[in-house]
Every structure is written in structure tokens, then in C-alpha cells.
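Protein chains: 2
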Amino acid sequence: MIYNKITEQVLAAIKAIVGDDWVITAQPELEKYSHDETEDLHFYPEVVVKPCTAAQVSSLMKLCNENLIPVTPRGAGTGLSGGALPVMGGLVMAMERFNKVLQIDELNLQATVEPGVITEEFMNQVAEKGLLYPIDPASKGSCFIGGNVSHGSGGPRVVKYGTIREYILNLEVVLPSGEIIWTGANTLKYASGYNLTQLMIGSEGTLGIITKIVVKLIPRPTIDALMLASFTTNEAACAAVSAIFRAGIIPSALEFMERRGVEWVKENDGIAFDLKDGIGAFLLIEVDGTNQDVIFADCEKINHVLEEFDCKEVLFADTSAQKEELWRLRRTMAVSVKSNSVYKEEDTVVPRASLPELIKGIKQTGGKYGFESVCYGHAGDGNLHVNIIKGQMSDDDWNDKLKDGIREIFELTVSLGGTLSGEHGIGLVQKGFMAIKYNETHFALWRGIKQVFDKNGILNPGKIF
Amino acid sequence: MIYNKITEQVLAAIKAIVGDDWVITAQPELEKYSHDETEDLHFYPEVVVKPCTAAQVSSLMKLCNENLIPVTPRGAGTGLSGGALPVMGGLVMAMERFNKVLQIDELNLQATVEPGVITEEFMNQVAEKGLLYPIDPASKGSCFIGGNVSHGSGGPRVVKYGTIREYILNLEVVLPSGEIIWTGANTLKYASGYNLTQLMIGSEGTLGIITKIVVKLIPRPTIDALMLASFTTNEAACAAVSAIFRAGIIPSALEFMERRGVEWVKENDGIAFDLKDGIGAFLLIEVDGTNQDVIFADCEKINHVLEEFDCKEVLFADTSAQKEELWRLRRTMAVSVKSNSVYKEEDTVVPRASLPELIKGIKQTGGKYGFESVCYGHAGDGNLHVNIIKGQMSDDDWNDKLKDGIREIFELTVSLGGTLSGEHGIGLVQKGFMAIKYNETHFALWRGIKQVFDKNGILNPGKIF
Numbered sequence: 001m002i003y004n005k006i007t008e009q010v011l012a013a014i015k016a017i018v019g020d021d022w023v024i025t026a027q028p029e030l031e032k033y034s035h036d037e038t039e040d041l042h043f044y045p046e047v048v049v050k051p052c053t054a055a056q057v058s059s060l061m062k063l064c065n066e067n068l069i070p071v072t073p074r075g076a077g078t079g080l081s082g083g084a085l086p087v088m089g090g091l092v093m094a095m096e097r098f099n100k101v102l103q104i105d106e107l108n109l110q111a112t113v114e115p116g117v118i119t120e121e122f123m124n125q126v127a128e129k130g131l132l133y134p135i136d137p138a139s140k141g142s143c144f145i146g147g148n149v150s151h152g153s154g155g156p157r158v159v160k161y162g163t164i165r166e167y168i169l170n171l172e173v174v175l176p177s178g179e180i181i182w183t184g185a186n187t188l189k190y191a192s193g194y195n196l197t198q199l200m201i202g203s204e205g206t207l208g209i210i211t212k213i214v215v216k217l218i219p220r221p222t223i224d225a226l227m228l229a230s231f232t233t234n235e236a237a238c239a240a241v242s243a244i245f246r247a248g249i250i251p252s253a254l255e256f257m258e259r260r261g262v263e264w265v266k267e268n269d270g271i272a273f274d275l276k277d278g279i280g281a282f283l284l285i286e287v288d289g290t291n292q293d294v295i296f297a298d299c300e301k302i303n304h305v306l307e308e309f310d311c312k313e314v315l316f317a318d319t320s321a322q323k324e325e326l327w328r329l330r331r332t333m334a335v336s337v338k339s340n341s342v343y344k345e346e347d348t349v350v351p352r353a354s355l356p357e358l359i360k361g362i363k364q365t366g367g368k369y370g371f372e373s374v375c376y377g378h379a380g381d382g383n384l385h386v387n388i389i390k391g392q393m394s395d396d397d398w399n400d401k402l403k404d405g406i407r408e409i410f411e412l413t414v415s416l417g418g419t420l421s422g423e424h425g426i427g428l429v430q431k432g433f434m435a436i437k438y439n440e441t442h443f444a445l446w447r448g449i450k451q452v453f454d455k456n457g458i459l460n461p462g463k464i465f
Numbered sequence: 001m002i003y004n005k006i007t008e009q010v011l012a013a014i015k016a017i018v019g020d021d022w023v024i025t026a027q028p029e030l031e032k033y034s035h036d037e038t039e040d041l042h043f044y045p046e047v048v049v050k051p052c053t054a055a056q057v058s059s060l061m062k063l064c065n066e067n068l069i070p071v072t073p074r075g076a077g078t079g080l081s082g083g084a085l086p087v088m089g090g091l092v093m094a095m096e097r098f099n100k101v102l103q104i105d106e107l108n109l110q111a112t113v114e115p116g117v118i119t120e121e122f123m124n125q126v127a128e129k130g131l132l133y134p135i136d137p138a139s140k141g142s143c144f145i146g147g148n149v150s151h152g153s154g155g156p157r158v159v160k161y162g163t164i165r166e167y168i169l170n171l172e173v174v175l176p177s178g179e180i181i182w183t184g185a186n187t188l189k190y191a192s193g194y195n196l197t198q199l200m201i202g203s204e205g206t207l208g209i210i211t212k213i214v215v216k217l218i219p220r221p222t223i224d225a226l227m228l229a230s231f232t233t234n235e236a237a238c239a240a241v242s243a244i245f246r247a248g249i250i251p252s253a254l255e256f257m258e259r260r261g262v263e264w265v266k267e268n269d270g271i272a273f274d275l276k277d278g279i280g281a282f283l284l285i286e287v288d289g290t291n292q293d294v295i296f297a298d299c300e301k302i303n304h305v306l307e308e309f310d311c312k313e314v315l316f317a318d319t320s321a322q323k324e325e326l327w328r329l330r331r332t333m334a335v336s337v338k339s340n341s342v343y344k345e346e347d348t349v350v351p352r353a354s355l356p357e358l359i360k361g362i363k364q365t366g367g368k369y370g371f372e373s374v375c376y377g378h379a380g381d382g383n384l385h386v387n388i389i390k391g392q393m394s395d396d397d398w399n400d401k402l403k404d405g406i407r408e409i410f411e412l413t414v415s416l417g418g419t420l421s422g423e424h425g426i427g428l429v430q431k432g433f434m435a436i437k438y439n440e441t442h443f444a445l446w447r448g449i450k451q452v453f454d455k456n457g458i459l460n461p462g463k464i465f
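Residue numbers (our numbering), protein chains in the order written: chain Z, 1 to 465; chain C, 1 to 465.
Since the hints were derived computationally from the structure, they do not count as laboratory data. The structure displayed is predicted, hence computed values, not measured ones. Be aware that one or more of the hints could be misleading.
No distinction is drawn between identical chains; accordingly, a pair holds when it is met within one copy or between any pair of copies.
Claimed, not checked - Derived lysine-lysine pairs resembling DSSO-like cross-links, with alpha carbons at most 27 Å apart:
| no. | residue 1 | residue 2 |
| --- | --- | --- |
| 1 | 129 | 100 |
| 2 | 437 | 212 |
| 3 | 401 | 363 |
| 4 | 216 | 32 |
| 5 | 276 | 437 |
| 6 | 431 | 312 |
| 7 | 32 | 5 |
Bound-form chain Z, shown alone (with noise of 0.2 Å):
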């Protein structure tokens, strides 16, 4: 595909139709959408562009259609797999002023929000109502409802709720074309045509651009508990996962994390935590509902469990802060690893009772290549987040040999049943291993649904496949 750069002719046009006050050109402006918060990779758009109705979206993708420009949606700019990055140039399509909830509609439990709501704000506004949103990314302090509906996110909830796929009922998007479609209807069920709403659901932004988001609600639950289990070994905290479902609980938060993962957070965020010798990793269960006696009674079984899988010790969250506490150590570890070091990120997700056995691999293969890696992750869900970290590397075989170890975590990944991405995306960075799990055959129907959609490939280019 060849594509065009900006012209000063287009760029007239550009503003025209948003106007001139939301047309960034300048360089040091730029370099905030030159990156996502995908490792530290940068590329440069000629242009970022904010529009705040689905008709100038129309029109800037007509106006790029035309003239071969490619776009790149954004939202917040805080995905894992790259999948904001402009790596062909061209406009980046800034959602953020698309920020409203425009209805909490409590008759229904549906709401109707734009794409750039922070996804902790609108949660927290139908919390105010009694209602409940469950897809929670740990980013969702920052991220965008948008990104998360393109990305397919997930987040710790998922285990019991169900994931985003079952929540989003309807989108308005913007073909490339510049046509403007609802994807299907506001309604909980949907048995008619092929379902363009699951189908834009993690598209990664490459056939459309969603510019309304009808979400289902669902009463909230009144109380949980929260309990810390800690384990010596990674694959004792991993074996446990299965057998509490299979005792009958559905947990509605099930998160590992590897005892590195939890120095860092200690070093990095100052987190008061009693991290004990010979304690190799942890499991941060939450169960929730509306009866005191069910969640008590929950725990119990958990802990039942717990025993079984040489289980150290069972810490329980009394009061509200230290359930906050105990969830902040788990949501920030992503930032922490970050902040101490060049690092890759990898999203591997098998079927869950297959987690020991993942885990062991993951360990083994950073053995053979020399490399450090930090898990930590929804177990629930058989979805472990993988750092790698560079630490004493050398720029060689970090940018080069590695490649040959993520591709044997990948590997084992599908040997087990599981993919290459369970809530972060392909993008750009895990597009190189597709071909791991998938072949000429799913490619070749992939590249047929997108040029369905976008005849001349405007739209996030070079991403997925």
C-alpha cells in the first residue's frame, strides 16, 4: 500500500472541518502521540487531529479516504501491543474530546457513552446509581472505554462477569468511507445478520472508528472480601486456580502475582507490605454478592482449597483500606516493573488448570536465553502478563536474540491451547508471532474482512497482520 503524506492542501481542509485550535503539527506537541505505553517505541504522526462529533470523523476519513492518508484512532494512548502507534505517518484521530456519558439509562441498565470517557469515571457514575460496569483494566484510572472496546480488554472482573464482548451492545462507527453505521441494536440479545458489533470488538481500530458505545449495566454487587494467599512456588499459587472453581466458587477477582512483582511494587510505590521468606508468590482472591453468609461461607471453601495446594498463609482485608491496599498492589505492578526497567510485555492466556505448566515454561526458556521475567496476571482467567525484563541484556540480544525466546513462550502458549493475546491486542508488537498460532488460511480471511471494510487500508495501517 502507498499512502500520501499531508499536503498543506489537506491540512486546509483539516481544519475546516474541526477547526484550527484542535490541528496539532508542531513537533514537541507531537511527541505525546508519538508513543503509547508500549515499550518505548516512537513514531511520529504528521498530524494529530481532535474531533468532538461522529460528522467530522466522517469527514476527516472521506477527506483521508481520498486521498490514501493513513489514520490512526487513539484513545488515552495506555495499550500494551502498539496499537496507537502512527508507524505510517499520517493523522493520529485523537478521541479525547468524545467524552461524555450521554445517558445512564436505569429503566434498561444500558448506558450510552462516548469513546473517550475514562473507563474509573463512568464506572464510578453508575456505581452512584447502584449499577455496576465490570470491565476493569488496572489501567482504568487513565484508559479510555473506547481503546478497551477496540482492544478487547478485560481486567481482574472478567472471571465472573463475563467479558467485554458481553457488554457492549451497540456501537456507532465510522466506516473509512466516511459512512456512519450503528453496529447492530440496544438490546441484550441479537440473532440478526452477522454480528458487526462483536466483529468491530477488538479490531484494534483497523475497520472503524467508534464514536458511541452502548454498554449493559448490571445491579451491583453490596459486599466482597478480599483475602491474600501466599505460596512458595509460582506453580503452587498456579495449581490452586482450578480447583476453586472446580469446588463450586466462582471468584470475582482471581489474580497472581510473582513475588518480584510484589519487591518492585514495595521498592517503587512504597506500599507497606510484610513480604515473608520463602514466599514465592501470591494469589488476591475477592469474592463478592449480597448476602454476608454466602461470601463467608465462600471463603471457607477458598481456604479449604487453599490447604490442599500448600497454601503458607491466607491474609484477609479487613477494612476498606486495606482491601485498597492490597488491590493497589496488584494494579500498579505494571507501572512499577516499568519503572525499573527496559522491559516487554507479553499476554499469553492458556486454558486455566494449564497455568503450572505455563509458568514452568516461561521460567525455563529465561533460563536458556538469559532473561528475567516478572508474571503476574488474572489466573482466573488463565491469563498471565509476562514481563521481560532487560535488566544486564545487551542491546543485542535484547533487540535480537529475545525474539527467538518470546517466540518459544508463544509457542507453549498454543501447544497448550491458548493464544498469543487474551485483553492487550496483536498491534505491532506481537504481530511477528501470529503465524505461531494462526495460518495462510486465517490470514487470508482477515486480510479479506478488512479490505471489506477499508478498501485502501487507511486505517491503522501495519497493525495485527
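Following the hints, put chain C in place on chain Z, whose structure we already have.
Below, chain C without anything else, positioned relative to chain Z:
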């Protein structure tokens, strides 16, 4: 699209693939495959073939693709939108020999099944292991799980447990080209390229033929309570629905039944049920869980809500026999209506708070066009099955004038934020109404996707759009 007839040569090739015993060409035996449960429609295929491996399906697809022979996949033939009708003749691919539960993986709470497994048999097998697969359409005793996936089927428990989209993790699919792929991974989360699993769900056998299904299972609730609430009017019953959720309850079923439907079940099925004068409609409400106190508290809360909506009586099922009898009332309603009259069934779905307006509009339209209707369905999901009764209507009115009435019902449905089908699919009989909700842009995207999977258009032609 111009298709070819099946020649002697092609027939010989078909027989060579599956063996003579699994090929039907004699007219009397073809009759069973000429219809499903949709109205009184009949379309005869030229041949019915019963493969039992993906390799056989692949060989058949290649043969038909090369010879431009239409292929209509068929499950149990319980569909209500004509999806399994071979409207262009050709070959019916009957999946009844794909009838094995291949694995129930108790460690991962997953199962791998063939598409021709009867839904209820699968549910019973996992129930024996203390597990739940909650997608149980009214036809669960005879329908196939493969048909459920193809149509995005639902049933009463979607309201609590989520749609079939949340339970189908991975599919083995034979494409029209004969290529065999797995659409995704055996994982609870998936963010690895366009989601082909989700695209297959609800595609009504037009994109590929499903040969294996990986299913998510959950721990089974141990107790439940069932109540039947009586109201004087349809609108009163429907108005109570959204209030139940607003009170913080998510019932495991919330079904609406119109009086006329209950009358017909009584007549047809001989169910002993005291149908009191002045009662116009019912809600069948189930709550489930693991704790008797919680169930009891939920029932009390629901009772309070019902009182606010002019509920005349609440009947609690005390024994499992009583529960079964109440469920039979609901589950056999479709069959009872069918045995009483020629009818057409529409599968409207709206945001649940719009149900009162929907049912009022349906009755007004009935008055205007002179038809009686019997409504029932999954009110908790806003999903109302509208059975239009031929009764004394002339054949001319039934075949022609009625279309305008149905159109009005769908126009109302769409104006309320809803769509044409929540769980039955579009198939043949709703196809003509799709333009009420969808525009040329939607159709172009759908046709484009179809073309990517099936460039010769041989797979289930004449359906959806």
C-alpha cells in the same frame, strides 16, 4: 448466482466420500429434510448427505464448490426462521452423525462437543459432574448445539448467565473451500485478531460448517425457587419486568406468558392449571444460587416489586414436580400454539423497559389487520416471541395483507431500539424485513464478509440478506 444440478457423476463422488448408506435421494425420505419448524414451508433438496468427520465435510465442500452446488447445513431441524431450508435445492449437509460429546474437561471447566449433540443431553452430562451449560432453548430436548451456535440461540437463562457468545470459546469449521480451521483458542479471553468465533456465531450456516465446538462451563447452582405471578393485563406484567432488575435482582429466568398461550397449553397438553378469570398475563420468575436465605430474600424483594405493579397473585412452586409443571407450561407453548392453528412466529427484541409499549403496539396492529396473536418469551431480555394466528383469516389476507402488519410490528420494534430477532435468526422468513432496520451500508458489509468466506455463494444461499 447460477447453481448446477447434482449430476450422476457428482452423486457418485458424494457416495464415494461418505458411503452409499449415508446418501438419501428417494423422495419420501427427503421429506423430513424439506422442512424445519418454520410455518408450513417445504423445499426439497436433491440429496441429503450425512457425513461424520470434518474430513468428509471438507471433501463434500470441495466437490460442491467446484461444481457450484448449493449446500445447506442442517442440525435437528428445529429452527423457526427457515435457516435449514434448502431453498435452492442442492445438497443438505445433515449433521446428525456428529453426535458425540468428545471431552468434558473438569479441570478447565470446558467441553468439546460435536455439533449434532442434543442440547439437553449435553446439559445433563455436564450436570452429572456438577457443572452448568446454561443455554437451553425451549427445544432443548431435540435441538442440536450446533444449530444453537449457528443461530445465536438463547433460552430463559441468558438473562442471568449471559448469551451463547459467552460460552462458545472455539470452533472447528470447514470453509466452503474445504479448508478446515479452528476459529480461535480454548481460552476464556481472546484478543488475537478479528474474532472469527464470534463471527461464526449467529451466521446461520452461511460462512462455514461447524464440526467441533469448545464450550465454557460453570459451577452449577444448587438450589432455585420458581414463582408464577398473575396480572390483569399484558402491560402490567411487562412493566414489572424492568423494575425487578432495578431492585437489584438478576433472576435466572424471567418469562412472560399471555393468557391465550396458557389456555392453549392447557387444552393441548392437559396440564392441570387453575386459570382464573380476569387474569390476562403471567410472569414466570426463577432465582437460583447456592444459599437458601439469599434465594428467600430475593423472592421477597421480587414480591415487593410485583405488588407495585398490580400483581394479583403469586404462586410458589413447592416441589420439583410443581416446578417442572410450570416450566412445561412455558416450554410447550410454541408447540401448543402450532398444533392449534397455522401461525407465523416473529422474534422481536427491545430494551426491556420498552416491553409494555411493544406488546400494546402488537395488539393494536393485530386489531388493524384482523389477526390474533399470542405473545410469550424471555421478558427479562426484552425478547418477545409474537405468534400470529391464522384463525379465520382468508388465505389471501394471510399470504399478502399480513406482511404489512408484520412490517408494522418490526417498525415499532426498531423504533424502540430493538431488532428483528433476538435468538431465532433471520433465515428465510425475516429476510424481507431486514431493510426496516439496516441500510445499504450494512448489506454491503454483510455481502462483503460472505464473499470473503464463500466466493461462489454455495453455502446456505438465500438466507439473512
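Status of each hint after checking the structure:
no. : hint      : result
1   : 129 / 100 : within (17 Å within a copy, 47 Å between copies)
2   : 437 / 212 : between (33 Å within a copy, 18 Å between copies)
3   : 401 / 363 : within (16 Å within a copy, 71 Å between copies)
4   : 216 / 32  : neither (33 Å within a copy, 41 Å between copies)
5   : 276 / 437 : neither (40 Å within a copy, 61 Å between copies)
6   : 431 / 312 : neither (40 Å within a copy, 61 Å between copies)
7   : 32 / 5    : within (21 Å within a copy, 62 Å between copies)
Hints 4, 5 and 6 from the earlier list are contradicted by this structure; the remaining hints agree with it.
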